[in-house]
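Chains as they are written, first to last, in this note's numbering: chain A, 1 to 261; chain B, 262 to 570.
Hints may be right or wrong, so weigh each one.
Said to hold, decoys possible - Listed below are the simulated BS3-like cross-link pairs for lysine-lysine, each with C-alpha atoms no more than 30 Å apart in a straight line:
(1) A:K29 with A:K105
(2) A:K115 with B:K560
(3) A:K127 with A:K115
(4) A:K111 with B:K560
(5) A:K111 with A:K204
(6) A:K115 with A:K29
Calculated from the structure, these hints are not laboratory results.
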Amino acid sequence: MNSTPNEQVPLADNSIIDLQEVSIFYSGKIAVDKVSFPIAKNKITSIIGPSGCGKSTLLRSLNRMNDFIPGVTVDGMVTYGGQNLHGSEVDPVEVRRCIGMVFQKPNPFPKSIYKNVAWGPGINGYKDSMDELVEQSLRQAALWEEVKDRLHESALSLSGGQQQRLCIARALAMAPDVLLMDEPCSALDPISTAHIEDLLFELKSRYTIVIVTHNMQQAARISDHTAFLETGKLIEFGVTDQIFTRPQNQRTEEYVTGRFG
Amino acid sequence: MTTDTYQAVQASNINKRSTRWAEFLIQSGLGLCALVSIITTIAIIIILGKEGFSFFQHVSPAEFFLGTRWVPLLEPQSFGVLPLVWGTLLVTFGAAVIAIPIGLASAIYLSEYASDRVRSIVKPILELLAGIPTVVYGFFALTFITPLLKGIFPDIQVFNALSGAIVVGIMVLPMIATLSDNALSAVPQTLRQGAYALGATSYEVTTQVVVPAGLSGVMASFLLAISRAIGETMAVTLAAGATPNISLTFFESIQTMTAYIVQISLGDAPAGGIAYQTLFVVAGLLFVITLILNVLSQKILMRYQEVYD
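Pulled out of the complex, with its shape left as it was, chain A reads as follows (with noise of 0.2 Å):
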């Protein structure tokens, strides 16, 4: 890590997304219970927690994705850019161009490698050329020099690793401003996981990152701040070192030493 994150340093400075008290019920079932935490510009942030705990709800409602899902209703302020993305004058379409989202199985559309790519800039009226912007895209995410010799082929003949890292460089080519993982590696084997932790601390300096885990190694590993839900509560927030090494609450280091979860 280039930049280790000091404890001292006030999380909240230069914050891009604050959660503020964020409720969100399922059909008026409670899935997240009053989650307050920010989250920093040009840093990795992971969200940790047991199955069900509710994190991957709580990811999904950084980008209005939860829209999709019936009888979700979200309570309590997720500011960006000082605006509420569920305040109702915001447009979801334009929330997601901000804040992209990477899922858990790779879900490459059945097109070509390329048309991947240039699919969310071309219906979004991007202007220059798509050649660069496609090469720029596959070079970020590292898939370049992998593809490169085949764009126009099915993005379904790619490998599973190749796959997710093509659906990565699907959602820089819309230049995000944050990038959202949902479990990025769980359906991966260790090589293509270990490709894209190395790929995450390449982006870092340019995107925002937050990542859902289940993986509390992966989490060491790669991000800077540490969200620890349980059974919808945010137990500890806190600097990634100070979280595996001196969580301040009990659950928190039974989570982490692997005592459960």
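Chain A is fixed; fit chain B onto it per the hints.
Same frame as chain A, but now just chain B:
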């Protein structure tokens, strides 16, 4: 039974004691039932082939496939099948022009926009439409659609291709809508989410991601519907009439291949004569055309299932 006694029974009982007759009977019975449809199909092919063969001993294939006059019952006889093929094509084309856009639009609405509640009401109604006897549709065409058309186009004949095309279009529409809806609904939700996460609108996701991803299923539904339109009998006989005619407009009476078969089957031709044999050769042609379309749509569907396993 305790575990001990159960195991004892098992150990003493592994030798074959007798054939399991009930098992054998059930198996044979089921096999026979499956055989019925295969034997029927083979019998149909044999009969069509035999009668068709003797037809072609009297009429040259060139006259049959290329001739433009179909006068099998009156002297001088002429056996050019093109007017019947043309009638079928006209009705099928008109039906496709009506049913494909509306059917696909309904499918898109059902799979992408409709709430579960709306879907649970509309889908059974569509399936109900598919169960109405076709003669009822024919009557509907004759007594409702044709008078309506007469109001718009005063020159239109009582029996006309347009009315037939419209009613066949209405008939195959539920098929396109439900089969295409199935194909679109089978497109994984994760693909839609991936597209939405790139800042796409519902319309962009539907037209540029979901429909292309489900395209083979959608195409298969079109082909099945066209094959059904080609084979449709009662509705077109009632609506479009019985005048073999290479008409360039939809306003005149025509005769489709199926309508011709109905006409002859009702007793217009003496058994055994050449006019009677035309029945089989026209039916054979129909059989081959629909078989090709069905095989084609099966092939497309299989490709589609390979992609999303």
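A quick look at each hint next to the structure:
no.	hint	result
1	A:K29 with A:K105	holds, 27 Å
2	A:K115 with B:K560	holds, 26 Å
3	A:K127 with A:K115	holds, 16 Å
4	A:K111 with B:K560	holds, 21 Å
5	A:K111 with A:K204	holds, 29 Å
6	A:K115 with A:K29	violated, 40 Å
Of the numbered hints listed earlier, the single one contradicted by the structure is hint 6.
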